[in-house]
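Q: So you can see what is in the structure, the chains are spelled out below.
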Amino acid sequence: MKHIAIGVLGAAAFGFAASAASAATLDDVKAKGFIQCGVSTGLAGFSAPDDKGEWQGIDADFCRAVAAAVFGDGTKVKFTPLSAKERFTALQSGEIDILSRNTTWTINRDTALGLNFVGTTYYDGQGFMINAKKLPGVNSALQLSGAAVCVQSGTTTELNLADYFKSNKMEYNPVVFEKLEEVNAAYDAGRCDVYTTDQSGLYGIRLTLGAPADHVVLPEIISKEPLGPAVRQGDDQWYHIVKWTYFALLDAEELGITKANVDEMKNSDSPEIKRVLGQEADTKIGTDLGVSNDWVVNIVKAVGNYGEMFERNVGSGSPLKIARGINALWTKGGLQYAPPIR
Amino acid sequence: MASQEVLREEPSRGSFINDPRVRGIFFQALVLVLLVAGVWWVTHNVIVNLARLHIASGFGFLKGRAGFDISESAIAYSSDSTYFRAILVGFINTVIVAVVGIITATIIGFIVGIGRLSRNWLIRKICTVYVEIFRNIPPLLVIFFWYSGVLAVLPPPRESINLPFGSFLNQRGFYFPRAIWGEGSWLILVALLLGIAMAWFVARKARQRQMATGQPFPVLWTSIALIVGLPLLAYALSGFPLSFEFPKQSTFNLVGGFQVRPEFLSLYLALSCYTAAFIAEIVRAGIRGVSTGQTEAAAALGLRSGSILRLVVVPQAMRIVIPPLTSQYLNLTKNSSLAIAIGYPDLTATAGTVLNQTGQAVEGVVIMMAVYLALSLITSAIMNVVNARMALVER
Amino acid sequence: MQEHDMSWVRTEMTLAQPAPSSERGLTAWIRKNLIATTGDAILTIVGIALVAMILPQIVNWAFINAQWIGPDRSVCATVAQGGIQPDGWTGACWAFVNAKFGQFMFGTYPVEERWRPIVVAILFVALLVPLLIPRVPRKGLNAILLFLALPVVAFVLLVGGMFGLPHVETSRWGGLLVTLSLSFVGIAVSLPIGIVLALGRRSNMPIVKLLCVIFIETVRGIPLITVLFFASVMLPLFLPAGVSFDKFLRALIGVSLFAAAYMAEVVRGGLQAIPKGQYEGADSLGLSYWQKMGLVVMPQALKLVIPGIVNTFIGMFKDTSLVIVISMFDLLGIVKQNFSDANWATPQTARSGLVFAAFIFWLFCFGMSRYSMYTERRLDTGHKR
Numbered sequence: 008m009k010h011i012a013i014g015v016l017g018a019a020a021f022g023f024a025a026s027a028a029s030a031a032t033l034d035d036v037k038a039k040g041f042i043q044c045g046v047s048t049g050l051a052g053f054s055a056p057d058d059k060g061e062w063q064g065i066d067a068d069f070c071r072a073v074a075a076a077v078f079g080d081g082t083k084v085k086f087t088p089l090s091a092k093e094r095f096t097a098l099q100s101g102e103i104d105i106l107s108r109n110t111t112w113t114i115n116r117d118t119a120l121g122l123n124f125v126g127t128t129y130y131d132g133q134g135f136m137i138n139a140k141k142l143p144g145v146n147s148a149l150q151l152s153g154a155a156v157c158v159q160s161g162t163t164t165e166l167n168l169a170d171y172f173k174s175n176k177m178e179y180n181p182v183v184f185e186k187l188e189e190v191n192a193a194y195d196a197g198r199c200d201v202y203t204t205d206q207s208g209l210y211g212i213r214l215t216l217g218a219p220a221d222h223v224v225l226p227e228i229i230s231k232e233p234l235g236p237a238v239r240q241g242d243d244q245w246y247h248i249v250k251w252t253y254f255a256l257l258d259a260e261e262l263g264i265t266k267a268n269v270d271e272m273k274n275s276d277s278p279e280i281k282r283v284l285g286q287e288a289d290t291k292i293g294t295d296l297g298v299s300n301d302w303v304v305n306i307v308k309a310v311g312n313y314g315e316m317f318e319r320n321v322g323s324g325s326p327l328k329i330a331r332g333i334n335a336l337w338t339k340g341g342l343q344y345a346p347p348i349r
Numbered sequence: 187m188a189s190q191e192v193l194r195e196e197p198s199r200g201s202f203i204n205d206p207r208v209r210g211i212f213f214q215a216l217v218l219v220l221l222v223a224g225v226w227w228v229t230h231n232v233i234v235n236l237a238r239l240h241i242a243s244g245f246g247f248l249k250g251r252a253g254f255d256i257s258e259s260a261i262a263y264s265s266d267s268t269y270f271r272a273i274l275v276g277f278i279n280t281v282i283v284a285v286v287g288i289i290t291a292t293i294i295g296f297i298v299g300i301g302r303l304s305r306n307w308l309i310r311k312i313c314t315v316y317v318e319i320f321r322n323i324p325p326l327l328v329i330f331f332w333y334s335g336v337l338a339v340l341p342p343p344r345e346s347i348n349l350p351f352g353s354f355l356n357q358r359g360f361y362f363p364r365a366i367w368g369e370g371s372w373l374i375l376v377a378l379l380l381g382i383a384m385a386w387f388v389a390r391k392a393r394q395r396q397m398a399t400g401q402p403f404p405v406l407w408t409s410i411a412l413i414v415g416l417p418l419l420a421y422a423l424s425g426f427p428l429s430f431e432f433p434k435q436s437t438f439n440l441v442g443g444f445q446v447r448p449e450f451l452s453l454y455l456a457l458s459c460y461t462a463a464f465i466a467e468i469v470r471a472g473i474r475g476v477s478t479g480q481t482e483a484a485a486a487l488g489l490r491s492g493s494i495l496r497l498v499v500v501p502q503a504m505r506i507v508i509p510p511l512t513s514q515y516l517n518l519t520k521n522s523s524l525a526i527a528i529g530y531p532d533l534t535a536t537a538g539t540v541l542n543q544t545g546q547a548v549e550g551v552v553i554m555m556a557v558y559l560a561l562s563l564i565t566s567a568i569m570n571v572v573n574a575r576m577a578l579v580e581r
Numbered sequence: 147m148q149e150h151d152m153s154w155v156r157t158e159m160t161l162a163q164p165a166p167s168s169e170r171g172l173t174a175w176i177r178k179n180l181i182a183t184t185g186d187a188i189l190t191i192v193g194i195a196l197v198a199m200i201l202p203q204i205v206n207w208a209f210i211n212a213q214w215i216g217p218d219r220s221v222c223a224t225v226a227q228g229g230i231q232p233d234g235w236t237g238a239c240w241a242f243v244n245a246k247f248g249q250f251m252f253g254t255y256p257v258e259e260r261w262r263p264i265v266v267a268i269l270f271v272a273l274l275v276p277l278l279i280p281r282v283p284r285k286g287l288n289a290i291l292l293f294l295a296l297p298v299v300a301f302v303l304l305v306g307g308m309f310g311l312p313h314v315e316t317s318r319w320g321g322l323l324v325t326l327s328l329s330f331v332g333i334a335v336s337l338p339i340g341i342v343l344a345l346g347r348r349s350n351m352p353i354v355k356l357l358c359v360i361f362i363e364t365v366r367g368i369p370l371i372t373v374l375f376f377a378s379v380m381l382p383l384f385l386p387a388g389v390s391f392d393k394f395l396r397a398l399i400g401v402s403l404f405a406a407a408y409m410a411e412v413v414r415g416g417l418q419a420i421p422k423g424q425y426e427g428a429d430s431l432g433l434s435y436w437q438k439m440g441l442v443v444m445p446q447a448l449k450l451v452i453p454g455i456v457n458t459f460i461g462m463f464k465d466t467s468l469v470i471v472i473s474m475f476d477l478l479g480i481v482k483q484n485f486s487d488a489n490w491a492t493p494q495t496a497r498s499g500l501v502f503a504a505f506i507f508w509l510f511c512f513g514m515s516r517y518s519m520y521t522e523r524r525l526d527t528g529h530k531r
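Residue numbers (my numbering), protein chains in the order written: chain A, 8 to 349; chain B, 187 to 581; chain C, 147 to 531.
No wet-lab data here; the hints were simulated from the structure. Be aware that a few hints might be false.
[Stated by the list, open to error] List time: in silico EDC-like cross-link candidates among lysine to aspartate or glutamate, alpha-carbon distance up to 16 Å:
#, chain 1, residue 1, chain 2, residue 2
1, A, Lys59, C, Glu315
2, A, Lys85, C, Glu315
3, A, Lys85, C, Glu411
4, A, Lys83, C, Glu315
5, A, Lys266, A, Asp295
6, A, Lys308, A, Asp80
7, A, Lys281, A, Glu271
Construct the complete structure from the given sequences, taking the supplied hints into account.
A: Given below as structure tokens:
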């Protein structure tokens, strides 16, 4: 029975990722040489494996941006697909370093669950989708009384749904599934009249249905769903790195720094751009943060600025074709606003 | 002579290390110490982890407002109910599906098991194919098949299939009229219970008389008359209090009446079909375990084939069948947790949602484990009683 | 003299007469097996009706109308659904299975590295087949290679990270690769643990016995899903901060411990069937506990319970499909994940994928159960009492 011992030893060799204390996630990450990033099990535009098994989407790219900031190399990320149920314990226990899994920022999660949200990479809201062919004449969520509603369990969506129907004194039949694929399949098979989840998700899901053109997303948005990455509580340095990676993506867009022109921009005349890209003499911005001074250059080289990331994954460059809307920069009437890097 | 003296000497054990009793105690002490140390280590880690992450522990969260809705609930439940009630709803759903599943699986299992021993070649082959298919694919797949099959075959709600007695069948489930018990309907229930009690009494008396005098008594017809007749009489006497609420078409779905949802339907059918394949094999082995000599001896006594089966073969076969049958019942109960894959709100599903909404992972999993363990222990206790009664038949 | 003529005794047998025509041929077979009584005849008619109703539909769907190759969903969708098939067409979409076959087998294992699992599979088959055929000699060497050498080689090849092979993290494993590796390791680990637990349960040491009973009965009393939840949600909190294990390894531990409890009960059944004389005989020869168990009792007990062991293996193989609930992608998981691929979304996709997965599972389980029946018959001879 020695093979077991060997099996276990072998398993231990690749299985255990022991590290000192969680207080220094940065040292951990540097020691192991990559960032472990928790993503969804597959949501188009946010995090989903492509044909080659590479994770694509805003959430996946955000982790690449953090890896670029830390290592100067956006490929030093490993992805862990997580269900809604597993995501928080995975982060709490140290299995992953960042949770970047279209997760809604709520006070409960920020406090009782021991997480720290770093910002909102995507401002979303919960919406409804119906099959317009089967239900002609329904054009508002307020007409949905008595409908069967498909929803994913263990999400804020499930709670918002209950609140919305209750406050509008409407009845509904919840049809609840554990996995997104299961909700999709049930909705497509006609098990329920209405599909509810974050509106961005609805657009993505619509593409995977048997006849996408039959389905319409209703105009109502019934909740605020600020989706963003989260880290563990109690490690300010790591929290700052992840948070400022997000801000750097926004500032880069605001300053017009793109993947294509980042090298030219290093020699820009603008002191602000030079400062952001770490070209100022004796700059300590990066090293104070715990990364190299050209961290913004690395980030933009790896994934582009926020706008590029958005358009590539969910915007005009993707099948989802979602408009920037409230996710535009504050200068363009949106909500994305970053403190200055100085 | 010398050898006798040697025998009388105390056997030399050498060092006390070689004494099996000492070794046993030492070994057990070691195991105990390791166990206690392990438990302490784990508890310590949990406490440290929870404190570090600022996660509250304890079962206090059960009193909080659940905030989510559950599609199927046998007791009153809304999003304002507590987490505890949500888990309770899940528990009741698990019990419901397990009980009806066990009954159906037993019936199908016995039919198929006997079918596999049939003289009829075709029936034998059909039953064999059934058993070999269902035994060899994962239950989860069977559930998916039923679910996607049920959804694919049935029409959308607007094109519902009309069935007799105001029932409907569509993708949203099976709808049938709900009985509304009016004033005085308790009389019917009392009459029914009375009928059953009297039928049981009559059957006992009849058997005693047959044992004593050999005179048979038409027990079946009397019982039917008592069990059906008495409640009908009560129904008439109390002024026909029963009315029905029929399902009606509305904008989206049928409303009113009683609804059996497709999630329940497919889980129930899948669990029954899957477990039935195993029960069929158990029944077959049980019947074949009774030697043909028994059947032949019974025939020689002049018993008819029905009586042979009822009085000689089945009681003996049951003794072989019941222990493995128990573990199949337990398996069915445990497999009902697969409901999570098709969204039937059983214990695993509701407790899982609660776990996720509150972040109380440890408590959530502990509740799940404890409840299933209790269910299993109760089921095996009941089956042990049945088994003990069956074993008494042996002389 | 006359009396002598009367007592004539035949000295040779008459030639055997053919059975009467009513007992021979197709008609007799039909009469006996299909229409022996009125009840039988009715059953036969019902049976034929059942088969006639179901079989043509299945054949039509799975073979005649099925689409075997195609670039995307259009081959499996009707015109109304945006495809090329006439309205009312239903048939299996094997083109979907065909296009995704690589993923179904290997998950998202990098394409250029897929030769590694293939090599492991070939080695596995090459070592397993001779072990299963009783006539092939050198069973000992064979078993050592299969259970000692293969895991090491498989580990090096599949995980990589040494000898110049790129590292492939387990989150990229998937499909049949995960199903088979989980069950193989699970089988190899659960049997010895199960034996130890069974011995512990029959031990004279009360504490050891109690612990084994508690473990076995607890695990047997809860569903595998809860065990997997435990492994995925709770286990991380049991370890000191910063220590975590691979999800694959956690699933492996969960599945193995679960199977070990069932295995323990099967082995215990075998132990109980061994007559007391065998234990006493071994004791009287002065064998130690482990010698007694290893040389006398276990070989007999395990032989008795081979069918039970194989049944537990089959159960475990089927149970690996549950890792889907902790978002690992075994065969069933990856098939289901691909349903949401927009390129292949048609009404037939899901059914075809599920049938394919069911067929693969069925093939393995049916094979195992047939082999167990064969071994049972082969070993049966020595144990007729």
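Q: Each hint needs a verdict: does it hold in this structure or not?
A: Verification of the supplied hints:
no.: 1; hint: A:Lys59 - C:Glu315; result: holds (15 Å)
no.: 2; hint: A:Lys85 - C:Glu315; result: holds (8 Å)
no.: 3; hint: A:Lys85 - C:Glu411; result: violated (41 Å)
no.: 4; hint: A:Lys83 - C:Glu315; result: holds (13 Å)
no.: 5; hint: A:Lys266 - A:Asp295; result: violated (25 Å)
no.: 6; hint: A:Lys308 - A:Asp80; result: holds (9 Å)
no.: 7; hint: A:Lys281 - A:Glu271; result: holds (11 Å)
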